[in-house]
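Please model the entire structure based on the sequences and the hints provided.
Protein chains in written order, with our numbering: chain U, 1 to 501; chain H, 1 to 501; chain E, 1 to 453; chain A, 1 to 453.
Derived from the structure by calculation, the hints contain no laboratory data. Mixed in with the good hints, there may be bad ones.
Covered by chain A, according to a simulated footprint, are these stretches of chain U (three or more residues, beta-carbon under 8 angstroms) [what the hints assert, rightly or not]:
#, region
1, 89–96
2, 110–120
3, 180–188
4, 230–242
5, 336–345
6, 370–383
7, 471–483
None of these values were measured; they are calculated from a predicted model. We treat Cβ as the ideally placed atom computed from N, Cα and C, and that holds for glycine.
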Amino acid sequence: MTASPAGRASSAPLMGRDAEPTLFEISVPGRHAYQLRTTDVPARPLAELVPTAHLAEAPVAIAEVSERDLVGHVTRLSHRQFSVDLGMYPLGSCTMKYNPKFCDAVAADPGLASVHPAAPAALTQGWLEVLVDLEERLCAITGMAAATLQPAAGAAGELTGLLLMRAYHESRGDVRRRVIIPDSAHGTNPASVTLGGYEVTTVPSNDRGLVDLEALRGVLGPDVAGIMLTNPNTLGLFEEEIVEIAAAVHEVGGLLYYDGANLNAILGVVRPGDMGFDIVHMNLHKTFATPHGGGGPGAGPVAVAAHLADFLPGPRAVREGAGFTWATPPRSIGRVHGWHGNALVLARALAYIHVHGAEGLTRVAQHAVLNANWLRRRLAAILPAAHDRMCMHECTLRATPLKDAYGVRALDVAKALLEEGFHAPTVYFPLIVDEALMFEPTETESPQTLEALAQAIERIAVRAATDPEGLHRAPQTTPVARVDEARAARHLVATADAPRP
Amino acid sequence: MTASPAGRASSAPLMGRDAEPTLFEISVPGRHAYQLRTTDVPARPLAELVPTAHLAEAPVAIAEVSERDLVGHVTRLSHRQFSVDLGMYPLGSCTMKYNPKFCDAVAADPGLASVHPAAPAALTQGWLEVLVDLEERLCAITGMAAATLQPAAGAAGELTGLLLMRAYHESRGDVRRRVIIPDSAHGTNPASVTLGGYEVTTVPSNDRGLVDLEALRGVLGPDVAGIMLTNPNTLGLFEEEIVEIAAAVHEVGGLLYYDGANLNAILGVVRPGDMGFDIVHMNLHKTFATPHGGGGPGAGPVAVAAHLADFLPGPRAVREGAGFTWATPPRSIGRVHGWHGNALVLARALAYIHVHGAEGLTRVAQHAVLNANWLRRRLAAILPAAHDRMCMHECTLRATPLKDAYGVRALDVAKALLEEGFHAPTVYFPLIVDEALMFEPTETESPQTLEALAQAIERIAVRAATDPEGLHRAPQTTPVARVDEARAARHLVATADAPRP
Amino acid sequence: MADYLPHTPEEVATMLALVGVDSLEGLYAHVPSAVRLAGGLDLPAGVSEPDAAALVAGYGARNGARASELVCFAGAGAYDHEVPPVVRALAGRSEFVTAYTPYQPEVAQGVLQAIFEYQTLVARLAGLPIANASLYDGATALVEALNMAHGATGRSRMLVSSGVHPHWRAVARTFAAGTGHEVVEVPLVGGRTDWSGLDPEGVAAVVVAYPNYLGVLEDPAEAKALAESVGALLVVAGDPVAAGVLRSAGSWGADVFVGEGQPFGTALSFGGPYLGLFACAEDQVRRLPGRIVGETLDTEGRRAYVTTLRAREQDIRREKATSNVCTNQTLMAVTAAIQLGWLGTAGLREVATRCAQGAHYLFDELVGLEGVTPVTTEPFFREFALRLRRPAREVIARLAQEGILAGVALEALVGPGDRSIDAPEDVLLVAVTERRTRAEIDHYVAAMRGALQ
Amino acid sequence: MADYLPHTPEEVATMLALVGVDSLEGLYAHVPSAVRLAGGLDLPAGVSEPDAAALVAGYGARNGARASELVCFAGAGAYDHEVPPVVRALAGRSEFVTAYTPYQPEVAQGVLQAIFEYQTLVARLAGLPIANASLYDGATALVEALNMAHGATGRSRMLVSSGVHPHWRAVARTFAAGTGHEVVEVPLVGGRTDWSGLDPEGVAAVVVAYPNYLGVLEDPAEAKALAESVGALLVVAGDPVAAGVLRSAGSWGADVFVGEGQPFGTALSFGGPYLGLFACAEDQVRRLPGRIVGETLDTEGRRAYVTTLRAREQDIRREKATSNVCTNQTLMAVTAAIQLGWLGTAGLREVATRCAQGAHYLFDELVGLEGVTPVTTEPFFREFALRLRRPAREVIARLAQEGILAGVALEALVGPGDRSIDAPEDVLLVAVTERRTRAEIDHYVAAMRGALQ
Ligand SMILES: Cc1ncc(COP(=O)(O)O)c(C=O)c1O
Ligand SMILES: Cc1ncc(COP(=O)(O)O)c(C=O)c1O
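Now the structure itself:
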C-alpha cells in the first residue's frame, strides 16, 4: 500500500490546501477502470498478427486506477482551476465572455459529433451546410468575399493569411520580402510572419497609441508584401487613420491583413472589408464565445476579398444545386489542417450567430465597448489609462503611479486581484506600455461586477500604501501561493518521470 | 447599481472565503436569462382568458438575473459543496459509494427521460419492461416473490410495508396494535410505525449489540403486528439469531419487516427472504449506487413474500404475453406515489445490476465488509469499536477514550476530519452507543484511502492530547467555520424574505 | 462481469490478514449457515457498461411515447416544459448530484444555500412565509398536509375536493389507512367542487385544487369560508406554473400550499423523480414535515446555512416526529431553484401566459369540431377536459400515429365511481405548455377532426 | 433576437453618463464615418435558443454518416473508439472547459497538473523524455517537427515517406511555401517506403509513419539509419493506440514523435477539434514548439505547476519564436489524459490488441472474397488497404445502405499523382477498432460480397 490515497479531498480548496497527487502517484498495479463491449472477435495473440520485432517488450505504463479514484482526482483538479463559470476573467486581448451552455449542447449533438471526417459528401450534407452557412455569415460580418474554415486557431489563421499573401504576390510574379507590424502587435503576428517566409518590419506607434502614419509611409516600399493590423489595436484603441493606412499600403501593392482577435469590439459597426482589409482572420474562441478549454481548442477562419478567393485552402464546402459539395479553389495554397478545421468549434460559432442575429451581434459589440470605457473612467484615479480617451472593448491601464509611489508593480496588482475573487487582467502587454494592465471586461459582465472589480482595485491601492510587502506575497488565499517560475525554467521537470533537481 | 456582483469569485474556496450572495441579492429588475421558442400562438392578454378575480396584481417576484450570473452563482455554490466525487464520505448507514457516471447517462437517455407517465402502455413498453426487469431482479436479490417500485425513498418504503402488514392482518380479521423495533433502529422506523397506525414497542439490544431474544420474547404477543429489523443492524452487526427471531415473531402471527438500508452488506450472500422476512424495502440510492443528490431523489421499492403479493400497491407493470401491461393486485392497499415511483432512479438501479450481475454484486458486498472490518481493526487503538468483533459493511466506533482523557467529543473528531480532507462519519447514531462514530467506507474506496483516513484520525488523536481547544474550534479550513445551529433554531430564517433577528 | 472495486488480489490478502480471516467468504463465517445463499444469486452475469448501454438503448427504443417523438399535449400534473441546456448543466454538477444530505454544514453550504433559495421561491409562489426543503411528489405532499392539519386541530376528518388529482386522492386514501383519517371526497358538479350540504363538523382540513385537475379555476374563497367556519386548515393544491400569475394560495387564505414541482426543470421522466412542494403559515412551522434550511452565522460571524428545527424530524423525535420523511428530493429542489432563476420574474409570467394562450387557442379550435364537447364551461387555465364521441383511449392511439400525444384518457386516471366525472371513457384531458407551437396545435386539430370522423 | 447581455436600459444610461456619451452609437463617434456600416449586418434576425436548437437538429439530421447510425469502419487517422460516460463527464467539467490558458498558475493548478500528466503520458507512449502541451492536430504537429529539424540542423531538405497520411503531407507542403523547406516525398513500393537511391545530403529530417497510412508496419530502423548517416532528425509519425503495444518511437531512435491524439477520448467530430501529439528528445527542448508545463514549488514549498521555458514562445520571442502557436488544444489534451487514466496500462493494451484482432479477422475474411485483393502483403496493425473490382466510392455508397461506413476511398484521400499508391480509385482503406463486434464484421463481409457481385 504505497500509492497515494485518491479518496482524500485535502487538495480540494473546499477542504484544505494540500497538493493533489498525480495520476501516477495514485496508481496501483492491477487496478483498472476501463470496460469494453463484448465483441466475440477471435482473440488471437498479438504475436500471431504482428511480427514480434515490432512488439514492445512490456506495454506502456499508463497508470492503474479505479474509476472512483479517477473521478476523485479529476474532480479535485477541477476545483483547483479558475474559469469563466466561476467568475470574471478580465483578460485583455482574450475576450473571456460567458460561453452559452446551449453551444455546448450543440457541440455534443451526436448528429454532428459522431460523423467521420472522411465520410462521403452525400452522407454529410448537414455538415457541409454548417460550413457553408458559417462561411457566408462570417463573410457578411467581416465584409469579405470568401473564407476558409480550416485554421485551428488565430495564429494558424495568421500564417494561412500570410501564405495567401505570398501566393497572391507570387501569382503576379511579384517577389516581396517584408511584412509590416506595429510595435503593439501580439506576438503571434511576428512569429507568423517569420513562418510565412517574410521579414518583420516594426512600425512604431505614435503618442496617441496608433500606427504612426508618417513612420509607416517611411517603411513602405515595393518589397512590402503587406501589413498586419488589429483594429481596434492591442491597446484597445481604434486606428482612426485606417483609411489612409489602407491607401498607403495598397499604393505600394501591399495587402492589408486584419488580426481579428479584437473583432468583438466592432461587430455590426465596422467591417474589416469596408476598412480596406484584404485578409481577415477571426478568433471564434473569442468573439463567438467558444469556451477556451484552458488553452484551446479554438478556430481561426480566414476570410478574404474577392481577388484572393482563388488561393484559399481547400477543399472548401460549397453550394451545388440544392445541396453541397467539396471544391478546391483553382490556385489553392493547399491544406492547412488535417481535415476540415475544428468542426465542432465552427458549429458552436454558427449556433451563437443564429441566436444573436444581426442586431444581437451589434449589441454585443456596443456593450463590450461600454463596459471597457466605464471601467477606464472608473479606475482613472488609480490606474490611469495609457491613452486616456475613448477605447474600444478593452482598456490598457498603467500601474506606474503605484510603482512609483510604493514599489507595487502590475504583477502585484494582478496577484492581489486573485485574492479579491477576480482573475487578473493581462499584464505587461502590449509591450510598449510600461506596467501595463489590460482589462477586457466583455459584454456579459454586469455593471455590478465591474463596480466590485473597481472597489477591489481601490482596496489594493490602499494596501499598496499601507502594506506593499503583503502585496508582493499575494496571493495567499489560493491553492498555491506565488509560484516559482524561475525554478521551473532552471530545472525542467516536464513529466512525472523526469529526474527532480 | 445596488445589487451584489455576481461575477466575483471570492466565495469560491479557490479564491477566498467570503459568503456567496443569494440569487435575490444578485437580482436586478429587468434582467433575464430565459429564451423560449417561437410559437406563433395568438398572444391574447391573460385577462381575456381568465377572470381577473383570479389574477395576481403583480407577478410573483422570482429573481432577475442574466444567464452568466446564474451560471457563476450556481457554479460557485457547487464549489462550496462536498460530494462523493471530491472524496471519501464514510457516513455510516448511508452507503456513500461511488456512483458510476454510466448510470447518469442512463438516466439522461431521452428514450427514458422524455416519456410522459400517463402515456398509454402500448407506447411505453420499454418503460414497463424496465420496471418488470428490475422487480424480478430485486426479488431474486432479496428472495421475495413480488415488489412494488412506487415508494420514493426508504421511509416511504417502510410506511408502505407497514400498510401492507396492516392490510394483511385486517384481511384475516386480525386487529393488531404494536410493532416492535430494536432500540438501535433508524428514526424512520418508529416514525413510520406511528404513521402506519401502530404503537412502537422498543426492544433493547443485548451486550453483543444484537436484539435481545429473551427481551423480544417478552414483548411478543397476539397484538404484535410485526417487527422491523435491519440486518446487519445499525451497529453494523449481523443479527445472528435471526432464525430464532423470525420463528418467535411468526409464532405470534407477526410479520418480519426488513429495513434494507444495509443490504449492501449481504448482496449475494444472505437473502432477507431466506432469513424469514416477509417484507423488505431497499434503498436503491444506497445499495444500488444512485447518487444522493444532496438528499434525494432515492427509491425505496418494497418486496414481499408470496402471501403479501396481493396487497401490493398498484398499478404494477406485469408481463402479458410477449409484452407488458399495468395491473393492480386484487387486494391492493392503493397507490403510494403520484405516478410509478422515481422511475429514472429505478432505471439507474437496473443498469447497475446489469453491469454487476450475480457475481459482481456479491463482490460488492464482500469488499464492503472487508473495508469496514479492516478499518475497525486499524482504528482499534484510538476509537474502539462499540462491539469489537466481526462487523459487516460498517463499524460503530466510540470516541469515549478521547472524551474521557481530553474532553474531545465525537463531534470534534468529525469536524477535525473535515480539515483532513474527509467527510465526517455519522455521529451520535445509533443512539444507544455513547459518542458513536459510525464509519461505512463502502467497497469503492481503496485501501490507500482507508489508510489515509486512519492516519488522519491518528493525527487528530495527537491533537486531542496537545490542543483539545483547537479541535473544539475545527473546522477552520472550510468555507465556513463551525456553524451556529442553535441560533438557526432560535430565530428561524427560512427564506430570504424572513425578518432577521 | 464488471464492477467498480479498486482492490487488487494482493491488497485483499493483506487486508484479510489484518482482519484475521483468510478469505472473503470468511468475513461471513458468523452468519448462520442456514440462511446463507448457496449457489449465488439467480441473475444474469454482469456485462460491461457499453453492453449494458445497448440493453438500455433497447428499452428506450421500445418506448413510442418519447416527447422527442410525439408532440406532447398530455398533462395531468406532468408537463412538457422547456428545460434549457444551462439548467441541465448546472443541476447536473456532480457536487450537487453526489452529495449526501447536508449533515456537515461547513462543507455543504452549496446545497444548503440552494435549498434556502428554493424555499424562498416556493414560499413566494405560495404566498406563505415558510417552505420546506422538498417532499417526494405532489401526492405525498398532500398527505403531509393532511397530517399537519391533524396535528394542528387534533381532528381526523379531511374534506378533499374531487378536483384534486385522482392519484393524489388515491395516495391520501392509502395513507389514511395508517393514520386513521377519514378522507371525504367532495364531488365536482359541472367541473367545480360542490361544497354545499357538507357537515363541516370535526373537519381538520379542507383541500381544494387550484386549478383543479380538469383545469378549472375554482373559487378557493368558498373552501376558505368552509374551513374558517370550523377552524380547519385550508390546503390549496396548486399548479406552480399557474401560480406565477394567479392569486397566490396565501392570498386566498390558505394555511398550506402543496404542489408538484416537476414543471420547474425536471424532465417528464415517466413520472419520477418529481418534487413535492410544501409551504405553510408561520403558526404551523413546528409541525412542518421534512427538512428545512435556516440562515445563521458561523463562529466567525460569516453568514451560513444549516438544516434546522431538527427536533421535528424522525432521526430525533422518532415515533413522535411530524413525518417519517428522511431522504427527499433535494436534487429536484435545487434544479427548480436554478430553473426559476433562469426564468426569472418575467420568464415565469411568460411561460404561464403562453400556457394559457395555447390552451385557450386549442380549446377554441377543438370545441368547434363535431363530436367534441367541453366537459364544463367554467374558466380554465392551461388544461381542459373534452368529451369526445369516441373513447378517448382510441383517439389517443389514432393521434399517436400522427406524431401527437393527444392528452390523457380520463378513464386511465380516475378509479371507478370517481366523484369528479361521469363516463370518463369519453373524456380526454388536454394540456398545452409554452413549448407548443401554433403549427403543432393546428396539426392536432386536423388530426382530431380525422380521428372523430 | 436573443443575447446574453445583463445590462438594463437604466444601467446603460448610467454607464454612458460616466463615459460621457449619450448613446451606445456615441461610443463609436471617433470611428471614421466612411468605414462605418450603414444599415446593419446582412444576417437573419436572431432566434431563441430552442429555435436555434431546431436549426442545429436539422443539420444533424441531414448527416447520414453518424457513427450512431452507420457502423464505422473508416479510419485514416480518425477512429471510432469507446468514449465512456465517465470521461465525457469529467472532461466536460466547466472548470476545464471555460478556463483560459493558465497564465495565473496560482488559480490554474487544475489545468496545469492535467497537462503535466498528459505530457507524461505522451512522453511514455513516444518513448521520449519530453512532450509539449498539445498542438492543433497530427498534421500541424508534423509541420512543427520539420521546423524543429530545420532549427536543429540548419538544413531545409525534408525526406517524408509517402506512407505519412496524405493530408499531413499536403499540410507540410502548404507550410513549406513559407519556411522554404524542400519536402521530398519518398515513394511507397508495395506498401512500404523505398528509401533507396535517395541522396541524403543536406537532409534535416527523415519522416516515417509507423504504422503508415495504409496500415503497414514499416521498419523504422531503415529510416533511422538514413537519418543517422547525415545527422538528420528521425521523426516518427505514429498511431498512438498502436503505440500502446508496438515498440516506441524512442526505441527506434526517433528524435521526434508526432501523432494524432483523437483516439484518446475525442469523438470523430467531423475532423476537429483533434489533438496534435508532440514529443522529442532532451536535446531539442529549447526548440520545442508550443507550451510546456513544468513542475516547481510555490513560495511556501508546496508542489506547483507552471508553463515554463516561455522564452521559446511567440509572446516573448516574437519573430524569433520556435513556433507561432498560441491557443492550442488543451481541452483535448486534458481529455486524453483522462481517457488514458480510464484505460490504464491494461486497457490501452487491450484496446490496441482488439483493434489488431478485429482488423486481421476482417482482412482475412475480405481477401477471401472474389474481387478483393490486398494492396500489399506487408504486416499491418489495425488498418489495411484493399483493391476492389469496383470503384471504392461506389462500394461505400452501397454499404452505407446496409448501415455500414465501409472505410475511406483512397481516391478521396490522396491527390493526383500521389507516390504512395497507383489507381487509388479502386482502393478502400478499412480500419477496425475495439468497438467492432464479430457480428458487425460478418455483416460487413456479407455486404461487401453483395456489393462486388
Ligand atoms: C491580438 C491577438 N492576435 C492573435 C492572437 C492569437 O490567437 P490564437 O491564440 O487563437 O492563436 C491573440 C490571442 O491571444 C491575440 O490576442
Ligand atoms: C437504517 C436506515 N433505515 C432507513 C433509512 C431511511 O431511508 P430514506 O432516507 O431513503 O428514507 C435510512 C436512511 O438513512 C437508514 O439508514
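Status of the hints after comparison with the structure:
1. Given as covered by chain A, the region 89–96 of chain U passes the check, having 4 residues with a CB less than 8 angstroms from a CB of that chain where 3 are the minimum.
2. Coverage of a stretch by a chain is defined here by at least three residues with a beta carbon nearer than 8 angstroms to that chain's beta carbons; for the region 110–120 of chain U and chain A the count is 11, and the condition holds.
3. Check on the region 180–188 of chain U: 3 of its residues sit with their Cβ under 8 angstroms from a Cβ of chain A, so the three-residue criterion for coverage holds.
4. Coverage of the region 230–242 of chain U by chain A holds in this model, with 3 residues showing a Cβ closer than 8 angstroms to a Cβ of that chain against a need of three.
5. Counting residues of the region 336–345 of chain U whose beta-carbon sits less than 8 angstroms from any beta-carbon of chain A gives 10, enough to reach three: the coverage restraint holds.
6. Only residues whose C-beta sits within less than 8 angstroms of a C-beta in chain A count toward coverage, and the region 370–383 of chain U has 6 of them, enough to reach three; the restraint holds.
7. With 8 residues having a Cβ less than 8 angstroms from any Cβ of chain A, the region 471–483 of chain U passes the three-residue criterion, so the hint holds.
Against the hints set out earlier in the document, no violation occurs for any number.
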